[in-house]
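Mind docking these for me? Both chains are given alone in their own frames, and the hints should help you get the complex.
Residue numbers (numbering that gives the first Met the number 0), protein chains in the order written: chain A, 0 to 466; chain B, 0 to 204.
These aren't lab readings, by the way, just hints derived from the structure by calculation.
Treat the hints with care, since some could be wrong.
Said to hold, decoys possible - DSSO-like cross-link-like pairs, simulated, lysine-lysine; straight-line CA separation at most 27 Å:
#: 1; chain 1: A; residue 1: 66; chain 2: B; residue 2: 181
#: 2; chain 1: A; residue 1: 160; chain 2: B; residue 2: 30
#: 3; chain 1: A; residue 1: 89; chain 2: B; residue 2: 30
#: 4; chain 1: A; residue 1: 306; chain 2: A; residue 2: 333
#: 5; chain 1: A; residue 1: 278; chain 2: A; residue 2: 242
Unchecked claim - With beta-carbon atoms standing in for the labels, derived distance ranges:
#: 6; chain 1: B; residue 1: 181; chain 2: A; residue 2: 417; range: 39 to 45 Å
#: 7; chain 1: A; residue 1: 70; chain 2: B; residue 2: 34; range: 46 to 52 Å
#: 8; chain 1: B; residue 1: 57; chain 2: A; residue 2: 53; range: 46 to 52 Å
#: 9; chain 1: A; residue 1: 383; chain 2: B; residue 2: 61; range: 51 to 57 Å
#: 10; chain 1: A; residue 1: 319; chain 2: B; residue 2: 1; range: 30 to 36 Å
#: 11; chain 1: B; residue 1: 34; chain 2: A; residue 2: 383; range: 40 to 46 Å
#: 12; chain 1: B; residue 1: 124; chain 2: A; residue 2: 258; range: 38 to 44 Å
#: 13; chain 1: A; residue 1: 43; chain 2: B; residue 2: 178; range: 55 to 61 Å
Idealized CB from N, CA, C, for every residue including glycine.
For reference, the chains in residue letters:
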Amino acid sequence: MPQTLFEKIWSRHVIVEREDGTCLLSIDRHLCHEGSFHAFDKLERENRVIRRPDLTIGIADHYVSTKAPELGNEEHELRIPIEKLTANTKKAGIQLYGIGTPEQGIVHVTGPEQGLTLPGIILVCGDSHTATHGALGCLAFGIGASEVAHVLATQTLWQEKPKTMRINIDGELAAGVVAKDIILHLISVIGANGATGYMIEYAGSTVENLSVEGRMTMCNMSIEAGGRAGMIAPDEKTFNYLKDRKHSPKNENWDLAVTDWKTLFSDANAVFDKEVNIKASDIAPSLTWGNSPEEALPVTGKIPDPKNESDVSRREALEFTLQYMGLNPGTSLKDIEVDRVFIGSCTNSRIEDLRAAAAIARGRTTQVPAIVVPGSAMIKKQAEDEGLAKIFVDAGFDWRATGCSMCVGMNGDLTPPGERCASTSNRNFKGRQGPGSRTHLMSPAMAAAAAIMGRITDIRELEPVDL
Amino acid sequence: MEAFKKLDSTAASLQVANIDTDQIIPARFLKTPRSTNHGEFLFHDIRRNSSGELDPNFILNTPENKQTQILVADTNFGCGSSRESAVYALFDAGIRCVIAPSFGDIFYNNSIKNGLLPIELDRNEIEDIWQILKTANNTRIEVDLKNQTIHLPNGKNINFQIDPFRKQTLIEGLDDIDLTLKYRQLIEDHETSNAVERPWIATIS
Ligand code: SF4
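In isolation and in its complexed conformation, chain B is listed as follows (with noise of 0.2 Å):
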């Protein structure tokens, strides 16, 4: 997994709540092997008008956005589907980090293990985050994920939480397989006093 590096780029307002991972990635595409860019499936129908054209109000197709790395998001963002192709196609459009009120659950486990960063804030500082990128005359955001801080384009600073050991899987591009297995001998021994109290899900009869 790629390391997660500090961003600075410009960030993009999407102003709708429950913006579920269906919208993010629609089922047809869900087939795709990792190995193509799902960037192209990302908000695939919600960025287009009904004749397939890129709808040019749509926040992403904006010529400012096209580079962005930062979604500034309303609440729920990533519910529904557990589908995790709804992080490719973001990572795929170069989506780095989504700032959001509240997030999916799966979703927000999915994005830690693909680089990609959730930040949880309070909603009235993400209506300020959407006031200042509407107002200011640059909308680059920095998001400094070693010391919990995104810099906003007036010169203000919020301080975002996450759990250390998340932060430091991101940060290292750590894939959390080695790690476990590292407690192999200890989950081996679960199973085996499992099998002894509950013999009857042991295995699959």
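Bound-form chain A, shown alone (with noise of 0.2 Å):
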């Protein structure tokens, strides 16, 4: 019978199967971050060992300063949580890529850049990102601190399995258009709840077009349109990509890794429980312009208008949503102007993203405060040899060092009440980048052209600078 990606890797991994059709799987890489502690304080409430401390990875992210890291945060009470990271991974025999290591960066850009993440694997993670990982073709989820606390316990989870959906993206992107214009788009087409309960695989010529790094950013946020895992089949780009990494096969393994890997993709004639296709000439430069991400325009648009909305609950609901963004129905989104930006996050801080950002940069002068944090400690140095810190520095925009920061605030990195903040992260929730915050999404290259501009811009009509 031919076999989905999905049901390839699923079936390599269940233990058990319920008569309900629910299966205990062996989890294959489980990776943990400061927000762990919830699972270690209930394993140690409940007197239980770790079973495969091998098979775990510590890494800090969430909390860790990015003015100051080798502190690990300037302000006592958010050190806290590193530190218990670093207790716990310690007591459990657990490596951990604390504050300091040259491995350290925000989960999701680390595992697959050491190599942890390979085609095939089953792995978890206490995050909802962790869908990120699927883009090396894997089957990759976010789990909550009771699954987390399961999988130490014992080294696998009871699943349903859930129904799978492939999204099919064929033809050439437009000029200015990356991979985060391409999920923002699928987003709103699909509905942040479009995917719930589904395994999403993201297939088609677009996405084989792309760089791993771009398909990342597209897996990044399957969770946004519901979808718990997102996955791409493995290519030469893959394998390219996890040779000789920290935690790659070496020699005869990596031989007997890639003949295996080369088996996993969809078979021909292989059921999916929907599809769903997305012309790529149909996708424009986008940002979201509301508190959730499937209300994402392209960069042309217009603030949409609660009249035109005959369903009440609907209308009342936009109405408050372009309250708490300060917004007018019928703006052009390029008249928009931004207090700050963002550039980071698990979506959007790979080295590519940071050549994207520093090429609109290079030569001119950010009107606002602009940040720029690099996903890993390992980037951070790569984009410093490649001249693009110079670039950002130069340009006015600070320089920082690794972590989460801005993109969910826990460190201290906020956008203040009421303002106004162009992003490369994942979510534009209400209060997301802190108390009052206004997000807008959008890709590193625009994100970098609304520090220039100081307002929305569209990256199409930013001439570029001889230098």
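Spelled out as structure tokens, the structure:
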């Protein structure tokens, strides 16, 4: 019987299948960050042993200061979760990429970068953006603290088999359109719960032509469409990306692995519960204007008018959103001024993202405060070696150390109340970047352009600067 | 985990779609240990006005909803971040059941693990309930998990679906780690054969 990529991976991991179809799955890799303390506390209360500490890696990211990373955080209160992660992993014998280590970074950037994420595996983490790792052809999904405790105690999870959805994106992208625009467009088409209960596979020529980094940006935001996981069949690009990474298979294991990985694709006649087709040519540089990731439009668009909404509760919700966002119906997106810019997060902080932003920043000057937070210490170093950091600094951007930073503001990097932030992160929820913050999600180049112009800018209209 | 008991409580309507877990509990409270009461963090920033006082119009701030155990919410409730603290906040504030047309999946699982019952109904059924709660002279709802039924104040009953295993977990207040460890031998056998077939996965090199 023809199988989907997902089914091939799932079936390898089933230990027990219950009558109702729920399966006990073996978990190959588990990543944990500061937030995992709830799970460690629970195990401690219940006096349980960690079964396979060798399959978990700890990474500090959410609370780490981007200004004084060597301290963890300047603020004592924010240092505590980092210290808990250090103590918990040490006690359990779990390897830690803590503050100051060359491997440290955002958990979803570090995993692939260090070769912890591999095709065909099941990888979990107590974080909803774990879907990112699926870009390398594995099944990766986010779990809650109780499930983290379950993984630590058993190295398994009970899971209901999700339905499968294939999203086919075909054709060539127009100039200025990148992976972030594809995913924002897609969510605006299928909705913030369009993939709830589904495992997404992204396929089609557009996806094949994306770099591994671009694929990670797409898979990362699967959760914003309600999907718990997103995946892409591994190919030569994937193998090249993984070759010689720290934890990638070596020598004869590498050859064995690649032979196996080449079997990981959806068979020609494999059946999905749902298929969605998107034309690459329909996608423009896009951004969000509201408080749900589905509220995205091409940069040439206008703020919708509640008057055109016939459903009363939807109209009220829209009015409330516009009030929260401080926006008027009919305003052109390009007329919206921004107060600050954040370039970073597990969606868009990889080297390719920084190159795209630097290409816009080169030789120009920012109009508003803007920070650039690389996704890992390795990327930071690479960007410094390539001269990107200097371009940013010369243009007035604040060049920071790695961490989650203003994506969620847990480390103290906040957007103040009422301020409008052009952000390359993944969530425009009310208060996500700080109480009262107003977030517009967009690509790195668009965010850099917003910093330079002080307002939302169509990247296609910004003339390149000759230096 | 606390076993789920039959509910007979007032119900509050929260008619806003896509209530994400950042709204249920803002990120700055996530460093709080479970032993602290999370109830006061629930909807922290949306139930207060700009000066920080409780907004009397927010549904859970009204006198009749102070003790409510049931929330009747809209589509995609609990979407977004996997933070289990969102469930801790609801639970500690006394909420034992959320009824909605759909849930964020991680939130749904987190709820079951903490003794909070998520009930999925069609949106038109939810709209009926909102309507009944608005017009009936009391807003008491009974939720009977054993019989998978909701009794509404106008005498109407609605049946709901839940998978049998999750139902049992809730009713008995089971922790599945013990259950899973009964399969220890099978788990180990699986790991052993996996290490032969795919040696590069067996451990982190
Ligand atoms: S960068 Fe943002 S979305 Fe990604 S793991 Fe950190 S907080 Fe979560």
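Given a hinted range of 39 to 45 Å, is it respected by the beta-carbon distance of residue 181 of chain B and residue 417 of chain A? 55 Å, violated
Given the range 46 to 52 Å, decide if the beta-carbon distance of residue 70 of chain A to residue 34 of chain B lies inside it. Check failed, 27 Å falls outside 46 to 52 Å.
Below or equal to 27 Å on CA atoms is what counts here, so check residue 278 of chain A against residue 242 of chain A. 32 Å, violated
Does residue 181 of chain B lie within 27 Å of residue 66 of chain A when you go C-alpha to C-alpha? 48 Å, violated
The hint says 40 to 46 Å between residue 34 of chain B and residue 383 of chain A; measuring C-beta to C-beta, is that right? 43 Å, holds
So does residue 124 of chain B sit 38 to 44 Å from residue 258 of chain A, Cβ to Cβ? 52 Å, violated
Below or equal to 27 Å on CA atoms is what counts here, so check residue 306 of chain A against residue 333 of chain A. OK: residue 306 of chain A and residue 333 of chain A at ~22 Å, within 27 Å.
Whether the CB-CB distance between residue 319 of chain A and residue 1 of chain B falls inside 30 to 36 Å: Once the Cβ atoms are compared, 35 Å apart, the range 30 to 36 Å for residue 1 of chain B and residue 319 of chain A holds.
Assuming the hint says 46 to 52 Å, is it satisfied by the Cβ distance from residue 57 of chain B to residue 53 of chain A or not? Since the Cβ atoms of residue 57 of chain B and residue 53 of chain A sit about 48 Å apart, the hinted range of 46 to 52 Å holds.
Has the given pair, residue 89 of chain A with residue 30 of chain B, been kept, meaning a C-alpha gap of at most 27 Å? 20 Å, holds
Cβ-Cβ distance between residue 383 of chain A and residue 61 of chain B: within 51 to 57 Å? 56 Å, holds
Need the status of pair residue 160 of chain A, residue 30 of chain B: alpha-carbon distance at most 27 Å? Judged against 27 Å, a Cα distance of about 32 Å means the pair is violated.
Of the numbered hints given earlier, the model fails hints 1, 2, 5, 6, 7, 12 and 13; all others are met.
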